[in-house]
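Undergrad: Each chain, written out:
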Amino acid sequence: EAGVTQSPTHLIKTRGQQATLRCSPISGHTSVYWYQQALGLGLQFLLWYDEGEERNRGNFPPRFSGRQFPNYSSELNVNALELEDSALYLCASTRTGRGFYEQYFGPGTRLTVT
Amino acid sequence: GQQVMQIPQYQHVQEGEDFTTYCNSSTTLSNIQWYKQRPGGHPVFLIQLVKSGEVKKQKRLTFQFGEAKKNSSLHITATQTTDVGTYFCVMKTSYDKVIFGPGTSLSVIP
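Chains A and B supply the protein sequences, listed in that same order. The opening position of the first sequence corresponds to residue 1 in this note's numbering, with each subsequent residue numbered one higher. The opening position of the second sequence corresponds to residue 1 in this note's numbering, with each subsequent residue numbered one higher.
None of these hints come from the bench; they were simulated from the model. C-beta atoms are modelled at their ideal positions from N, C-alpha and C, and glycine is treated no differently. Some hints here could point you the wrong way.
[To be verified] Partial list, derived from the structure: chain A residues whose beta carbon lies under 7 Å from chain B:
#1 Gly52
#2 Glu53
#3 Phe69
[Said to hold, decoys possible] Here chain B is said to cover these stretches of chain A; the calculated rule only asks that three of the stretch's residues, wherever they fall, bring their Cβ under 8 Å from a Cβ of chain B:
#4 10 to 22
#5 72 to 80
[To be verified] Calculated from the model, a selection of chain A residues having no Cβ within reach of chain B, i.e. all distances over 12 Å:
#6 Gln6
#7 Ser27
#8 Gly42
#9 Phe64
#10 Ser65
#11 Arg67
#12 Leu83
#13 Glu84
#14 Ser86
#15 Thr94
#16 Gly99
Using the sequences and the hints, build the whole thing.
TA: Structure representation (structure tokens):
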């Protein structure tokens, strides 16, 4: 069984640009979570998608957005990039959005904003 | 809003010593999860605790959920270099937001 995959592995952008990060969950999983992990810090909850709908979002500005496709893969978009957006972006999938289940994490996308 | 604390923030131990990290929530939890993140890696699920006072063991790791379901602990007996990493407690709020504790970073000196 393939694990959670994320692309790209690394992404370098200039301040003010837009970044798009992608996540493919484990086959059969319907729920995708996005997290931001700044260097040396913990994980901050960004967004949660389940069954194609955005279910909740963390305390991030609206320029952080995303969507979930019919095949349950997901995309995170960050507009008007700022230097402090530089971080590791992790996505995780769970088999369902009901309840609280084990999250399987992808390897992450390292975003660098210069 | 709901807050979670983990102590200590860092712990350096000699190989073979025991290690404990504590997680405290400002509100009562329905359940709690623990994850481990190796340096340069991604978080990996360790366990989920659901019942008040629950104790679960995985080899040298012992997990406990407090009676009031507001705190939890992870204890590692006789640490090994493979235990190096950051240990996070994780919870889901009643508003369906996921909160990761700040983590305890464990270093093991061989």
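Undergrad: Each hint: holds or not?
TA: To see whether the hints hold, each was checked on the structure:
Interface hint status for Gly52 of chain A: violated, as the beta-carbon distance to the closest one in chain B is roughly 16 Å, over 7 Å. A hinted interface residue such as Glu53 of chain A counts as satisfied when its beta carbon comes closer than 7 Å to some beta carbon of chain B; here the least separation is about 12 Å, so the hint is violated. Hint status for Phe69 of chain A: violated, given a least beta-carbon distance of 21 Å to chain B, over 7 Å. For a cut-off of 8 Å, the count of residues in the region 10 to 22 of chain A with a CB near a CB of chain B stands at 0, and the three-residue condition is violated.
With 0 residues bearing a CB less than 8 Å from a CB of chain B, the region 72 to 80 of chain A misses the requirement of three and the coverage assertion fails. At roughly 9 Å from the closest C-beta of chain B, the C-beta of Gln6 of chain A falls inside 12 Å, breaking its exclusion from the interface. With a closest Cβ-Cβ approach of about 18 Å to chain B, Ser27 of chain A is found to remain outside the 12 Å limit, as its non-interface label requires. Listed as outside the interface, Gly42 of chain A is inconsistent with that label: its C-beta sits roughly 5 Å from the nearest C-beta of chain B, within the 12 Å cut-off.
The beta carbon of Phe64 of chain A is kept farther than 12 Å from every beta carbon of chain B, the shortest such distance being approximately 14 Å. Distance to chain B confirms Ser65 of chain A as a non-interface residue, since its nearest Cβ pair spans about 17 Å, more than 12 Å. With a least beta-carbon separation of about 18 Å from chain B, Arg67 of chain A lies farther than 12 Å from that chain, consistent with its non-interface assignment. Leu83 of chain A, annotated as away from the interface, keeps every beta carbon of chain B farther than 12 Å; the closest lies near 23 Å.
Look at Glu84 of chain A: its CB is around 18 Å from the nearest CB on chain B, clear of 12 Å, so calling it non-interface holds up. Annotated as non-interface, Ser86 of chain A keeps its C-beta farther than 12 Å from every C-beta of chain B; the closest such distance is 17 Å. With a closest Cβ-Cβ approach of about 10 Å to chain B, Thr94 of chain A is found to fall inside the 12 Å limit, against its non-interface label. Against chain B, the non-interface label of Gly99 of chain A is violated: not every CB pair exceeds 12 Å, the least being about 9 Å.
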